[in-house]
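Listed here are the chains, written in short residue letters.
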Amino acid sequence: MARYLLGRLVVSSISLVLVVVIVFVAVRLMPGDIVDQFFQDTGARPGQAEALREKLGLSDPIAVQFARYLGELARGDLGESLASGRELSTVIRDRTPVTFQLAMMTLIFSLAIGLPLGVLSAVMRGSALDYLLRTIAIGGISIPFFWIAVLTISLPAYYWRWTPPIGHVPLQEDPLASIQHMLAPALVGTVFLAGSIMRMLRATMLEVLRLDYMRTAAAKGLSRATQIRRHALRNALIPVVTLIGIRFIFLLSGSVVLESIYALPGLGQLSLDALSRRDYQVVQAVTLFMAVIIIMTNLAVDISYGFIDPRIRHSRA
Amino acid sequence: MAARDDQSEVATTYRSLGRTLIGRRALLRGSVLGAAGLATAALIGCDDDDDEAPPAAATPTAAPAQETATAAPATATAAPATATATPRPAPARATATVAPQATATPTQAATTAEDEAKRGGKMSWAQNTTAHLDIHQDSISGAQQIIGATYNRLVRYRGDAQLPEPDVAQSWEQAGTDVVFKLHEGVKWQNKPPVNGRDFKASDVVFGLERARSDDPSFIHSGDLAVVDTIEAPDDSTVRLTTKYPTAIILTMLAGYQWIPVAPEVIDEFGDIKSPEATIGTGPFIVESFAPDFGAKLVRNPDYWREGLPYLDELEQLDVEDHWSQFRAGNIDIVLVPAELLPGHDSFAGFLESEGIDGYVYSEVMAASAHGHFMNTQDPVFADIRVRWAINLIMDRLPNRTYGWPIGAKPSIALGMGHLAFHLPDAEFEAMPGFGLGRREQDIAEGLQMLAAAGFDADNPMEWRIMGWSVPQTLVGIDQLQIAVDMYKDVSGNVLQPSEQALEWGAWKQAEALHEFQMISSAYSMGVDAHDAMQKMYHSEGGRNFSQYANPDLDRMLAVEESTFDIEERISLMQDMQRFVNTPEEIANAWTGAGPFSYAALSGIQGIPMLWDSGRVDQVYRV
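From first to last, the protein sequence lines are chains A and B.
Okay, so the first sequence: first residue is 8 according to our numbering, each after it adds one.
Okay, so the second sequence: first residue is 1249 according to our numbering, each after it adds one.
Just so you know, the hints here were simulated from the structure itself, not pulled from any lab data.
Among these hints, one or two may not hold up.
[Unchecked claim] Covered stretches of chain A, going by a simulated chain B footprint (3 or more residues, C-beta under 8 Å):
| # | region |
| --- | --- |
| 1 | 39-45 |
| 2 | 81-93 |
| 3 | 151-163 |
| 4 | 201-214 |
| 5 | 293-303 |
[What the hints assert, rightly or not] Chain B is faced by these chain A residues, among others (derived, beta-carbon under 8 Å):
| # | residue |
| --- | --- |
| 6 | R52 |
| 7 | S96 |
| 8 | G261 |
| 9 | S267 |
Each residue gets a CB set at the ideal place from its N, CA and C atoms; glycine is no exception.
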């Protein structure tokens, strides 16, 4: 297991280096820079724009900029925002809880809804309830969630003069208000994620339910509930865990849409603003941070296989 | 209302305004100065006192009306005005504050302001936040309301009357290149460390302005103060500013939000004024919190030096999208009515009523924006001036203009509604090639002949790209682009065949800066003073001279106009320049027009323009 983990860490490190290089180059390939935007409303003095680029380190050759960036990273320094001058480690520390709270609430709601409905749908295969649940699940997956998100604001505003609470209240400040503010975006994310979980679990459950050992379990006289819980669900969960891992990553990286619509000051919103302003440092820092999180999530998913299915643990060992 | 009705009335009003303003001040002596300023402006806007004598010729030395620091409508105490002349007369202004259920005339509105202004309450609005609050080092948009509420400046700009008015400067005298400001007594910094409510001094003004025009390239507005030579504080209540040459626009320019005084000890303590802790002014509200992408909360400054102000207890800026839905739901009090919702309605009132929104107040903010199609004179297609003139003749200005400002739009050349006094008369536009609705067929025929002479016809259509911008959450840029493309094809019978070039905001800004485009279709905020608009768009070194127009004659005209203190003469010179740049020999930009921005407010909030275009939020109140 340790060797397996070590191998994964090496591969992950290579991935991180690639991410650093690609993001660094890609953001600089975008037309325009932050200096153009600084002077959009005013007019620069002769030479002022170039002087500002020099001050911000944007006029150096890209190789020099990259070497400087790597040096900063090596010292554990994510740098400063070109727009605000704030330390990016502080900025990311402030924004991360928002994104994670949204992702975690979405995940918890999705599991709470998707898992039981997936089991129910599989067990009651071919019934009216099965068809109904499958239809809802397909609807949830098919309808773009950003569209649902927009509707959750504009429709009630139009018809009832009401919108879900907008903005963010830190969890530590007022837990109840914080959850209330995060409820609408989390539920919109849930529509998508719960549908995926339900469909995946239903499919794998149906496969497992047809296997010989399930017949054996029934022949042993185990109750239907025990058969499902102890023998079917546990084996059916492996692909679902993979799906959850992938979707959780999607929730983190895709938070930009929900955060933007619901005015949540998280990492997604930060990235969007930074991209728009060409604040390279912020884009690089957030992307690197997300890449680390994603790699760690993947690693956690891999490790979790071993706990769900001992055969995997033993084979890896 | 009046402003968009009748250009001649506007001109008449403007000419009579020097005296009218004084007359109004005399009339209002001892009464409303704060919130009633809006109503006064409305009075002015509706006034057509032809029998009044023409204003006294403005002289290079002009002392402003001295205004009292006590400006509470409720208490109605104001020192007598002692003005001998206004520093710059103001044009007509159409700020319509109208209650939908009990339509009020401007005169009635004045009565309401005096009688019904209530104290307390919160006002919220939605706006994207800036990265920080150091307005010396960032663009103005996004922070101007916060800055306007937190700081005072030497002078502030009365958008409703289009003239600077005293802020911490109680009065000023301008002679040649010298401007001497006398500061109000009793002005104090807000009671936050490290200033802790100490007295405000002239040296704070000098420190702030010197910081803003620092050689450090991060101070991005410094170029706008290039005309300033020295700034001194001979004593604690006097600021002496000298310019490199006589300029009639220095006061208007100093009214910009970015020219805030700063206490030196704040910079010593924090290094900059980016954080809410370091944002310490002398203004009516104190920044309690601010975070990018989150918003800001400001609370009443209990020690504000203008006695009795502000009326409101709290301001809140929210960084949310879909402002209209938030307004409908009552989550914000003020909203810019989205232009894309307005077509099909004859009035804002009609629109709001059709939406079923009761109890609103709407206001037109005479912003400085104007829309046009900007042709790159260095592009192979548009280097041919026959092509540029043909575009000017053929283009139908209405679709783009009425999309941007569905109600109240006017033809204009380079100027926004905030520069209304400097506009050419409507009648002149009607006779002007390309603008007159009555001469469309003739213009189109001449334009097509011009194109044929340049080698373009139905068999060899003229193809080019029109550049527009695209940002998340709004379709305005894309819509304007598509409207322009369809319009050219339709009007020219496909002799003109442009295509769309929609760019993301950052890419668009770079294309502008590098002149990497053929034609731009966009509206721009043109600057507070009409001179700014012409200077930036047409001066050979203008910051927004996207078309790369260059003519030393126009540069000279701009210099002469800037140094002209007689307002009548300035208007005349400005109008001459508009005519000049719209001739077959000079055409570079084909302007479609300008219009007012329409705001709606809930909760009986009065005085939206004071928040939005002049930073006089201390005078905003609820009824």
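Among the hints numbered above, which are violated by the structure, and what are their numbers in rising order? Checked against the structure, the hints that fail are numbers 4, 5, 7 and 8, while the rest are satisfied.
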